[in-house]
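K.L.:
Sequence:
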Amino acid sequence: MDSQKLSARKSKLSQGGDGGVQMLLRGDISLTSGSVNPQHAIWQDEQLFVGLKIIIIESGELLCRFPQQAERHIKGPALCAVWSQDLAHASQCLLPGADLNYTAVNISTHSLSQHLCADSINTLTAGMQLDLSANPGMRIQATPKCLSGLRAQLFTNPLQGVARQLYMTGKALEIVAHTLDSLVSEDITLQQSTLRLSSCDIARLHDVKNLLAEHIDSPPSIRDLSAKVGLNTRKLTAGFRRLFNQSIYGYLQTLRLETA
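Under numbering that gives the first Met the number 0, think of the first position of the sequence shown as 0, with each following residue one higher.
No lab work stands behind these hints, which were simulated from the structure alone.
Using N, Cα and C, we set each Cβ at its ideal position, and we do this for glycine too.
Treat each hint with caution, since some may be false.
Said to hold, decoys possible - Computed list of lysine to any residue pairs in SDA-like fashion (alpha-carbon distance at most 20 angstroms, straight line): (1) K234 to P218; (2) K52 to L62; (3) K52 to Q84; (4) K234 to T258; (5) K234 to A202; (6) K208 to Q252; (7) K234 to R195; (8) K52 to I139; (9) K227 to E257; (10) K234 to S198; (11) K52 to A89; (12) K227 to S217; (13) K208 to Q159; (14) K144 to L254; (15) K208 to T258; (16) K74 to G148; (17) K74 to Q84; (18) K144 to Q113; (19) K52 to Q113; (20) K144 to L172; (21) K52 to L172; (22) K74 to D27; (23) K52 to P66; (24) K208 to L242; (25) K74 to S90.
What the hints assert, rightly or not - With beta-carbon atoms standing in for the labels, derived distance ranges: (26) A162 to Q67: 42 to 50 angstroms; (27) E70 to G148: 25 to 33 angstroms; (28) G229 to S90: 49 to 57 angstroms; (29) R233 to G96: 43 to 51 angstroms; (30) E45 to D206: 45 to 53 angstroms; (31) E257 to W42: 36 to 44 angstroms; (32) Q38 to E213: 47 to 55 angstroms; (33) A162 to P219: 27 to 35 angstroms; (34) G96 to Q152: 49 to 57 angstroms; (35) D206 to P95: 50 to 58 angstroms.
Model the full structure from these sequences, guided by the hints.
P.N.:
Written out as C-alpha cells, the structure is:
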C-alpha cells in the first residue's frame, strides 16, 4: 500500500489537535487517534461515514446532534457507536475546558460483512436499535476496561511499514469486536434479570473461568465450553457476565493483557 493510502484525511474531530495517528488501513477501514484542545464552543456540521464509526473518548466533552434526534452530551471516558446506512449529516460541538483525547475507527458495511457472519450483522443492527433503512443513530456506553489506555498503545507502537499497518488493522478490528460485545450487553442484562443460578451453575461457571485461564492461547468456543461444563449457551454467557461482571470475550482479553 503506497504512502498516499496510508495517510487518512483529517476529520473535523481531529482539527486543532496534535495530529496523532491517522491511517487508512484498507480502502474502507480507517483509524484515527489524537487530541484536541478546543478554545471555543463552536458547532460544526459533518457528513456521516456510511457504515459503522466507533469513537473512544478518553477525556473531554462534546455535544452531538443527529437528524430527528435529541441533542446528546458526551463526557469521557465513553464509547460511542454511530451506525449510518445512507448519506446524512450531523453536528458536533467540542466543549472547552479540557483536552478531548480520542480514538476513532471507520469500517464500511462491506468490510463488516467480510469480517462478520450474518448473525453478527444482525446483532449490530439490533444492538443499535436500527434496521438497514433507518435514520442514522448513536449509542453511548461506558468504555470497556480492555480498551482503556488504547491511545497510549497506538502512540508508543514502535513498528514501521507493513508491520505497523498490520498492527493498526488488528487494533481497529479489536475495537469493533469490543463494541459489538458491548452493544449486546443490554440484551444480556435483560436475560440476567430473569436468570436463576443454582449452586451447581455457579460452580460450573467457575470451571469455565478456570478452563479459559488454562487455555488462554487457544480458548475453546462457546459451544465447546457449553458441552464441557453442561450449561446451555444462554446460561453460560449471561451467567458468566452476571457472576463475574464481564463477558467471556472481555475476560479473555483482560487475561491476555495481564499475562503479556
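K.L.:
A separate judgement is required for each hint: does it hold in the structure or not?
P.N.:
Hints and how they fare:
Our distance criterion of 20 angstroms between C-alpha atoms is met by K234 and P218, whose separation comes to about 19 angstroms. Between K52 and L62 the CA atoms are separated by roughly 17 angstroms; this keeps the pair inside 20 angstroms, and the hint holds. This hinted pair checks out: K52 and Q84 have alpha carbons roughly 11 angstroms apart, not beyond 20 angstroms. Using a Cα cut-off of 20 angstroms, the hinted pair K234 and T258 is violated, with the two alpha carbons roughly 28 angstroms apart.
For the hint pairing K234 with A202, the CA-to-CA distance comes to about 13 angstroms; that is within 20 angstroms, so the pair holds. For the hint pairing K208 with Q252, the CA-to-CA distance comes to about 13 angstroms; that is within 20 angstroms, so the pair holds. For the given pair, K234 sits about 9 angstroms from R195 by alpha-carbon distance, which is consistent with the 20 angstroms threshold. With a C-alpha separation of about 12 angstroms, the suggested pair K52 and I139 falls inside the 20 angstroms cut-off, and the hint holds.
At roughly 26 angstroms between alpha-carbon atoms, K227 and E257 are farther apart than 20 angstroms, so this suggested pair is violated. At roughly 13 angstroms between alpha-carbon atoms, K234 and S198 fall within 20 angstroms of each other, so this suggested pair holds. Only pairs whose Cα atoms come within 20 angstroms are accepted, and K52 paired with A89 is accepted, the gap being roughly 13 angstroms. Our distance criterion of 20 angstroms between C-alpha atoms is met by K227 and S217, whose separation comes to about 15 angstroms.
Pair hint K208 plus Q159 does not hold up; C-alpha atoms about 37 angstroms apart against a cutoff of 20 angstroms. A C-alpha spacing of about 12 angstroms is found between K144 and L254, which places the hinted pair at or below 20 angstroms, so the restraint holds. A distance of roughly 15 angstroms separates the Cα atoms of K208 and T258; the hinted pair therefore holds under the 20 angstroms criterion. For the proposed pair K74 and G148, the alpha carbon gap of about 16 angstroms is at most 20 angstroms, so the pair holds.
With a C-alpha separation of about 26 angstroms, the suggested pair K74 and Q84 falls outside the 20 angstroms cut-off, and the hint is violated. Between K144 and Q113, the direct Cα distance comes to roughly 27 angstroms. Violation of the 20 angstroms bound is thereby established for this hinted pair. Among the hinted pairs, K52 with Q113 is consistent with the structure: their alpha-carbon atoms are about 16 angstroms apart, no more than 20 angstroms. With a C-alpha separation of about 16 angstroms, the suggested pair K144 and L172 falls inside the 20 angstroms cut-off, and the hint holds.
Of the supplied pair hints, the one linking K52 and L172 holds, its CA atoms being roughly 12 angstroms apart against a limit of 20 angstroms. Restraint check for K74 and D27: the C-alpha separation of about 28 angstroms exceeds 20 angstroms, so the hint is violated. The straight-line distance between the Cα atoms of K52 and P66 is roughly 16 angstroms, inside the 20 angstroms bound, and the hint therefore holds. Taken as a hint, the K208 and L242 pair is honoured in the structure, with Cα atoms around 11 angstroms apart against an allowance of 20 angstroms.
Of the supplied pair hints, the one linking K74 and S90 holds, its CA atoms being roughly 16 angstroms apart against a limit of 20 angstroms. Distance hint check: the CB atoms of A162 and Q67 are about 44 angstroms apart, consistent with the given range 42 to 50 angstroms. Roughly 30 angstroms separates the CB atoms of E70 and G148, a value that falls within the hinted 25 to 33 angstroms. For G229 and S90, the hinted distance range of 49 to 57 angstroms is satisfied, since their beta carbons lie about 53 angstroms from each other.
The given range of 43 to 51 angstroms is respected by R233 and G96, whose C-beta atoms sit roughly 45 angstroms from each other. A beta carbon spacing of about 49 angstroms between E45 and D206 agrees with the range 45 to 53 angstroms that was offered as a hint. The hint said 36 to 44 angstroms for the Cβ distance between E257 and W42, and at roughly 43 angstroms that hint holds. Taking the beta carbon of each, Q38 and E213 are about 53 angstroms apart, inside 47 to 55 angstroms as hinted.
Our hint of 27 to 35 angstroms for A162 and P219 holds, since their Cβ atoms are close to 30 angstroms apart. The given range of 49 to 57 angstroms is broken by G96 and Q152, whose C-beta atoms sit roughly 26 angstroms from each other. The hint said 50 to 58 angstroms for the Cβ distance between D206 and P95, and at roughly 52 angstroms that hint holds.
When held up to the earlier numbered hints, the structure conflicts with 4, 9, 13, 17, 18, 22, 34 and fits the remainder.
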